Amino acid sequence: MKQVIQQLARRTVTAAAVLCLLAAGATPALAAPELDPNTAVNDYAEILSAQTEEYVESISVALQDTCGAQIGVYTTDYIGNSTMEGYAYDVLNAWGLGSADKDNGVLLLLVPGEDDYYVTRGAGLETQLTISTLGTILDEELEPNWVTGDYDTGTQQTVRAIAEKLCSVYGIPTSTLDNAAQAPVQQSSSGGISPVAVVLILGAVLLAVFVIISLNSPRGPGPGPRPPRSGGGGMGNALFWYGLGRASRPRRPRYPPPPPPGFGPGPGGFGGPRPPRGGGFGGPRPGGFGGGGRSGGFRPGGGSSRGGGVGRRR
Amino acid sequence: MQLEQQETFTIHGPQLEILGEIETKLPQPAKKRPVAALVLVGLTLVSVVGIGGARLAGLRSSTARVYSAQQDEYGHSIQGDFATGADAAASLIRVAGNVLGQDDADVQTAQAALDAWNAQSDAGQPAVQYELNTTLTGAVDILYTAAADEADAKAKGQLDDLYSSYTSAQATIQRAAADYNQKAEAYNETISAFPANLLAGLWGADSLQSFAPADTING
Numbered sequence: 169m170k171q172v173i174q175q176l177a178r179r180t181v182t183a184a185a186v187l188c189l190l191a192a193g194a195t196p197a198l199a200a201p202e203l204d205p206n207t208a209v210n211d212y213a214e215i216l217s218a219q220t221e222e223y224v225e226s227i228s229v230a231l232q233d234t235c236g237a238q239i240g241v242y243t244t245d246y247i248g249n250s251t252m253e254g255y256a257y258d259v260l261n262a263w264g265l266g267s268a269d270k271d272n273g274v275l276l277l278l279v280p281g282e283d284d285y286y287v288t289r290g291a292g293l294e295t296q297l298t299i300s301t302l303g304t305i306l307d308e309e310l311e312p313n314w315v316t317g318d319y320d321t322g323t324q325q326t327v328r329a330i331a332e333k334l335c336s337v338y339g340i341p342t343s344t345l346d347n348a349a350q351a352p353v354q355q356s357s358s359g360g361i362s363p364v365a366v367v368l369i370l371g372a373v374l375l376a377v378f379v380i381i382s383l384n385s386p387r388g389p390g391p392g393p394r395p396p397r398s399g400g401g402g403m404g405n406a407l408f409w410y411g412l413g414r415a416s417r418p419r420r421p422r423y424p425p426p427p428p429p430g431f432g433p434g435p436g437g438f439g440g441p442r443p444p445r446g447g448g449f450g451g452p453r454p455g456g457f458g459g460g461g462r463s464g465g466f467r468p469g470g471g472s473s474r475g476g477g478v479g480r481r482r
Numbered sequence: 031m032q033l034e035q036q037e038t039f040t041i042h043g044p045q046l047e048i049l050g051e052i053e054t055k056l057p058q059p060a061k062k063r064p065v066a067a068l069v070l071v072g073l074t075l076v077s078v079v080g081i082g083g084a085r086l087a088g089l090r091s092s093t094a095r096v097y098s099a100q101q102d103e104y105g106h107s108i109q110g111d112f113a114t115g116a117d118a119a120a121s122l123i124r125v126a127g128n129v130l131g132q133d134d135a136d137v138q139t140a141q142a143a144l145d146a147w148n149a150q151s152d153a154g155q156p157a158v159q160y161e162l163n164t165t166l167t168g169a170v171d172i173l174y175t176a177a178a179d180e181a182d183a184k185a186k187g188q189l190d191d192l193y194s195s196y197t198s199a200q201a202t203i204q205r206a207a208a209d210y211n212q213k214a215e216a217y218n219e220t221i222s223a224f225p226a227n228l229l230a231g232l233w234g235a236d237s238l239q240s241f242a243p244a245d246t247i248n249g
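Protein chains in written order, with our numbering: chain A, 169 to 482; chain B, 31 to 249.
FYI, nobody ran anything at the bench for these hints, they're computed from the structure.
Mixed in with the good hints there might be a few duds.
[Stated by the list, open to error] To give an idea of the chain A side of the interface with chain B (calculated C-beta under 7 Å), a few residues:
#1 Glu253
#2 Ala291
#3 Gly292
#4 Ile299
#5 Ser300
#6 Gly303
#7 Arg474
#8 Gly475
#9 Gly476
#10 Gly477
#11 Val478
#12 Arg481
[Stated by the list, open to error] With a cut-off of at most 30 Å between alpha-carbon atoms, the simulated DSSO-like pairs for lysine-lysine come out as follows:
#13 A:Lys333 to B:Lys186
#14 B:Lys213 to A:Lys270
#15 A:Lys270 to A:Lys333
#16 A:Lys333 to B:Lys184
The structure displayed is predicted, hence computed values, not measured ones.
C-beta atoms are modelled at their ideal positions from N, C-alpha and C, and glycine is treated no differently.
With the hints as extra help, turn the sequences into a complete structure.
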């Protein structure tokens, strides 16, 4: 009976190891983002130059390092069956712009295919960055360049103006922005394997090693005296007893996580092309990774928005 | 022999002494086991009805509060957003009135809708607020379109600002109200099932209105 139980435990552990390996292998595909959260510009419409992207990134990193605020620019040709407000809401929350404790992100959404744009901000900036303020910035900085198709100039000026407003909100000298704009942009370590995948792969490898060792461990008496068995010798038995103990404890009901915002009936409708699923959806908040030292580059802080904002005035 | 084997019982603890004293003072019928069982059943029912009903009433109160008073960490609330929207609407109506004339039909219609909102809006009646808000939004949309066509650059800028403020507030209201509606529907489902429906009736924990057209309201 004991042998049967041990065999069952070994098979269970082996199966778990296999599942972990499969999950680790599958993780990159499941988490493939339509939004790169580790950069301040996602130019899917390909209307911005590399210089503009660097400029925006440097401004955003400067703000990020001083007050946690972040400005993100997202471009796409079309937003499909959604409203500009709804799409911007989904993007900002998926991106996690701004710090999690201040919700001070700002998103500039540019949709050249529909000749439209929109700006929204996090919940913590609604009072400081009023609709009127943002509307004025768009009218003065973005619109004149938008009509001529000079998206780079319009974007840079708009981001600069928003950044200056944020500086005044948080009492930061605007020279911070000037210094950041002149400094070379540090390449963020984006594009590598996601930390979640690394942890899973490492865990799977360790589990596999343990399984192999426990399967190959000697069964009969060894050359020397065996240590006394105290409820199970070795990690294999310990794992088995741990598993039994877990099974015998009454289970707490597990409630499904709340649905991600913007993916159900709402004022924004259903997006299509779907708004991006970045690190902020269905997984750990991006702010938890690499959040210790922010000076290394742009890292989304996990901020959120209630929605609202202002768009192009016809 | 029997007397020698008879055991003497010693009561330990002051609590048992008190209970013993109380028991001695009870009338004879009350000392009987069936009576004690009956009292126990009665106490159980009171506990269930009392505690269960209180919880239902508390659930109703907390759910209703999501719509009527709850604020986030920044002080934002659904009612606060309504107030912001109403302010923007009021200013937009005035600016539009300067552009189109106060006697303009669209101006009058919007003003009437705003007056109705101000007069009857009650945070405890989401369905009523829904109707009033829908009417006001429609009137503001029409008025903005009409006035923007006629306005000069300065007035157009003002109208744009105010209209953006209004629509922005509406966007957050719709989203927050959708969240409230989910909670209200979950509550209404809870109290429609037995025995919650009995307890709800006893404790006055009636159904909650949703922020939706009246014909879709539960209860």
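Review point. Which numbered conditions among the earlier hints are violated in the structure presented, ordered from lowest to highest?
Key: No hint contradicted; all consistent.
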